[in-house]
Amino acid sequence: RDRMRAVRTKMTIPPVMADVGAMLDFIDSQDDAAPGPVGVHGYCMSGPYALAAAARYPDRITAAASFYGTWLVSDAEESPHLSLGTAKGELYIGCAEHDDLAPLPMVEELKGLFEKSGNPGELEMYPKVHHGFAFPQRWCYDQPAAERHWERLFALYERRLKAR
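If you're matching positions, the sequence shown starts at 1 in the working numbering and goes up one per residue.
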């Protein structure tokens, strides 16, 4: 946990958003990349970046998902909870019931803020699972929850990114 905090203090949202902007510019410069909306998703400490990207690039990122994202509500001036209403795209936030990095009181606070944001998305609690449940290599892998997370992610992308 200490190592993760050390990395997180260096990888703040503003420089990561600059990287996201550069990636979008790169995609736009590629002849074989389809123009149009983009989807993003993140796990653990990249979960906040997915939500922040949807808020920073609301006309381009139309689908964003965070799975057991950490620090989604914090005192930081760029905390993702502060910009939930800025994202125009649909957000999906999947939380593990047992998660020391995203404890239930924070999830409850986030849920209330998310409901007030007006975003058409969803915050879903995955019961009886631990942080990291989606990865087969982890001690806490939970196949039914992992399959559900893929279903939710692909459904989000199908709704928001389907070729028009």
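One or more hints might be untrue.
What the hints assert, rightly or not - Straight-line Cα separation of at most 25 Å, DSS-like style, residue types lysine-lysine; simulated pairs:
id, residue 1, residue 2
1, LYS128, LYS111
2, LYS162, LYS88
3, LYS116, LYS88
4, LYS111, LYS88
By construction, these hints were calculated from the structure, which means they are not laboratory data.
Tested hints:
no., hint, result
1, LYS128 / LYS111, "18 Å, holds"
2, LYS162 / LYS88, "16 Å, holds"
3, LYS116 / LYS88, "14 Å, holds"
4, LYS111 / LYS88, "18 Å, holds"
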